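From first to last, the protein sequence lines stand for chains B and Z.
1 is the number of the first residue of the first sequence in our numbering; add one for each residue after it.
1001 is the number of the first residue of the second sequence in our numbering; add one for each residue after it.
By construction, these hints were calculated from the structure, which means they are not laboratory data.
It cannot be assumed that every hint is accurate.
[Stated by the list, open to error] Straight line, CA to CA, 20 Å or less: simulated DMTMM-like cross-link-like pairs of lysine to aspartate or glutamate:
#	chain 1	residue 1	chain 2	residue 2
1	Z	Lys1286	B	Glu21
2	B	Lys250	Z	Asp1325
3	B	Lys31	Z	Glu1296
4	Z	Lys1286	B	Glu111
5	Z	Lys1338	B	Glu175
6	B	Lys202	Z	Asp1325
7	B	Lys73	B	Asp120
8	Z	Lys1211	B	Glu21
9	B	Lys241	Z	Asp1257
10	Z	Lys1115	B	Glu263
[As the list claims (entries may be wrong)] Simulated restraints on C-beta separations:
#	chain 1	residue 1	chain 2	residue 2	range
11	Z	Gly1322	B	Leu36	21 to 29 Å
12	B	Ser115	Z	Lys1189	25 to 33 Å
13	Z	Asp1129	B	Gly166	38 to 46 Å
14	Z	Gln1198	B	Gln242	47 to 55 Å
As the structure is a computational prediction, the values presented were derived from the model and not from experiment.
Cβ atoms here follow ideal geometry from the backbone N, Cα and C, with glycine treated the same way.
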Amino acid sequence: MPTFHITVCAGIVPDPLQTLEPIQGATPTLKNEMMLPAVLDPWAAHALYEAANLAAKFPGSKLWLVSAAPKAKLQQVMMNVAQKASFELVPVDAPAGGFTDAHAIAAVLAEAIQSLPGLDRSRLLLFGGWESASRGAGVTLQLVGEQLGILDQFQGVDQLTVRDDGSLGILERIEGGRHLVSICEGPPALLGWATGNLPEPKNNPQIGMANMRTIMPALQKAKPAVLAQNGIRYLSVAPPKQQRQTRIVKGRSPEEIAAELAEWILQD
Amino acid sequence: MPEKILFLAHVDESGIALPKVAYETLDAAIQVATQFGGVLTIGLIGEDVQAVANSIAAAGTRILAVSGPDFAYPRHASDAAAIEAICKVAAPEIVIAPATSRFLRIMPGVAFRRKAKADTHLTSLEMIDGKLTARRWFYRQRIEGVIQRDARPWFLLMDAGCGQAWAGTPAVARATIESIPVAIPAQAKRTTFAGIRQPKSEAQTIRPDAKLLFVAGAGWTKKQSDGNTHVPEAEASILEFLRTSGASLGGSKSLVDQSGENQAVLRFMTHLNQVGQTGSTPRHPKGLSTCCHGEEPHVVGWRFINERRAINLDPNCGWARGKADVLYVADAFQVIAKLNASLAERAAARTEECTTIR
């Protein structure tokens, strides 16, 4: 039975329900960014759940969660995430916003992964979200993979199956709501996850307690990283201003509404 | 010295054309080259690129290509090697490519190999103060940024539906292609293509080219006024609507998540249909939302839907607060049933009219 060394790269993002107001600067930030409630980046969170599931199926596998984020915010997020799955946290104290440069974050993450004690690169599965909910670029994970020399990379992954011969069956999202099916001989491989197939695990306080024993010391020892801006200039950052004048139609029969909608749908 | 601009594209699944977004991106690349006074080169990959080279030869530029059976299907290692080889020959300062799934998988990695920087999901390119400037969205379409980079090479991936497609006429003569030989080593062949899988749906419900996006929210599976759920009726009604209107189906997160929570579900609804913060941001001219409250995490997925209408029983739902053009306060079950009948009637009338004309 194969065993895997799974490394999940995951950042943190503001809770989707929060209002975001950018502040212009050399590197823009969000107003009250440190005060906004944060969550683990949603697609990266799916990657973590898939990784935990895989590690549980193949005993002897190891799971690391590598995260570059301000450590005070990361600690808050971990209070919840630590109850979802067993993992070893590898924190890097760094700005986590969407306006930081992906190339700089990737360099920091790659360095952290390369220095993981006991990591067997021949068994490495590098997981993460295929895009973040902050930059939403799908760049960081690929750059980490390149720096680690991983040639087999998959993005928008919804399913990973370990076949009897140890090879990996992978479904990646492509255009038109379809999946590209690929067979990879085995690790090392990079998988940028989309939603996957697993629901969010229920909170398990026992797993949380066990995780926090290693998470808190790791957070205390997290090294601060200085990120290069790599010559990117933000000329402006602004939320869209468009507010529609909504016409509210009440008290009309379904027939009348259907007739109006049919006209609207069919007009060019 | 004029900057060298490389436009990259791959052959689509038909084997004889480029993806639609590639023609849009080609138009953007030509405009950048014109405004910049740059020299444009085209780079193509695919099993056989002659037909697509002919189709865009009228752009009047040098065409480089990597072709052969190893490049017939998407695979990171071989695609990245092909693009890297083209970049070595073209030595561009600016690389412009369409944001297809095939290219999104490889371009940032190739940029790293070329000591370049990459930006993706760009919605426009323009010149500001004589410098190439790109627009893109941050925080899932909630903040728009305008960016420039000093770094060269700069890889730029353009999103679909953001510009006009290049409308040059295909060349009558055979286009001249400079072929670049690329040998793929064994370690780059560890992954093999095993096919394309259609969604497990009773019908193909995701149609990127549809004029209408139809979004179903969790309300379709909740108890109705008679105190019971009517999921089979909801399924039939929605599928019938998709058939008669030709719409693409989207779903709210709360609805698609139900399948993982053992609740009543619409069987054809998957995470691929999900629109919003953690789903897709499709581009359709019109959108109709049903049984969905229009909360911000969902509505950010509607950023590129031009005309928006919604049906909801709650007149104070999110759609009413400036997020839709029209909100119908009504029961979506009843309205969609009537709408299906109306659309079917109109389709029958059109068929009869055509038959009479013939």
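Hints, verified against the model:
With a C-alpha separation of about 28 Å, the suggested pair lysine 1286 (chain Z) and glutamate 21 (chain B) falls outside the 20 Å cut-off, and the hint is violated. About 14 Å separates the Cα atoms of lysine 250 (chain B) and aspartate 1325 (chain Z), which keeps this hinted pair within 20 Å; it holds. Of the supplied pair hints, the one linking lysine 31 (chain B) and glutamate 1296 (chain Z) holds, its CA atoms being roughly 18 Å apart against a limit of 20 Å. Between lysine 1286 (chain Z) and glutamate 111 (chain B), the direct Cα distance comes to roughly 46 Å. Violation of the 20 Å bound is thereby established for this hinted pair.
Restraint check: the Cα-Cα separation between lysine 1338 (chain Z) and glutamate 175 (chain B) comes to about 32 Å, which exceeds 20 Å; the hinted pair is violated. The hinted pair formed by lysine 202 (chain B) and aspartate 1325 (chain Z) fails the criterion: a straight-line CA distance of about 39 Å is larger than 20 Å. A C-alpha spacing of about 30 Å is found between lysine 73 (chain B) and aspartate 120 (chain B), which places the hinted pair above 20 Å, so the restraint is violated. Distance check on the hinted pair: lysine 1211 (chain Z) and glutamate 21 (chain B) sit about 32 Å apart at the alpha-carbon level, beyond 20 Å; violated.
Using a Cα cut-off of 20 Å, the hinted pair lysine 241 (chain B) and aspartate 1257 (chain Z) is violated, with the two alpha carbons roughly 31 Å apart. Restraint check for lysine 1115 (chain Z) and glutamate 263 (chain B): not satisfied, since their Cα atoms lie roughly 54 Å apart, outside the 20 Å limit. Between glycine 1322 (chain Z) and leucine 36 (chain B) the C-beta distance comes to about 23 Å, which sits within the given range of 21 to 29 Å. For the pair serine 115 (chain B) and lysine 1189 (chain Z), the beta carbons lie near 31 Å from each other, so the given range of 25 to 33 Å is met.
Checked against the given bound of 38 to 46 Å, the beta carbons of aspartate 1129 (chain Z) and glycine 166 (chain B), roughly 56 Å apart, lie outside it. Our hint of 47 to 55 Å for glutamine 1198 (chain Z) and glutamine 242 (chain B) is violated, since their Cβ atoms are close to 36 Å apart.
Of the numbered hints stated above, those contradicted by the structure are hints 1, 4, 5, 6, 7, 8, 9, 10, 13, 14, listed in ascending order.
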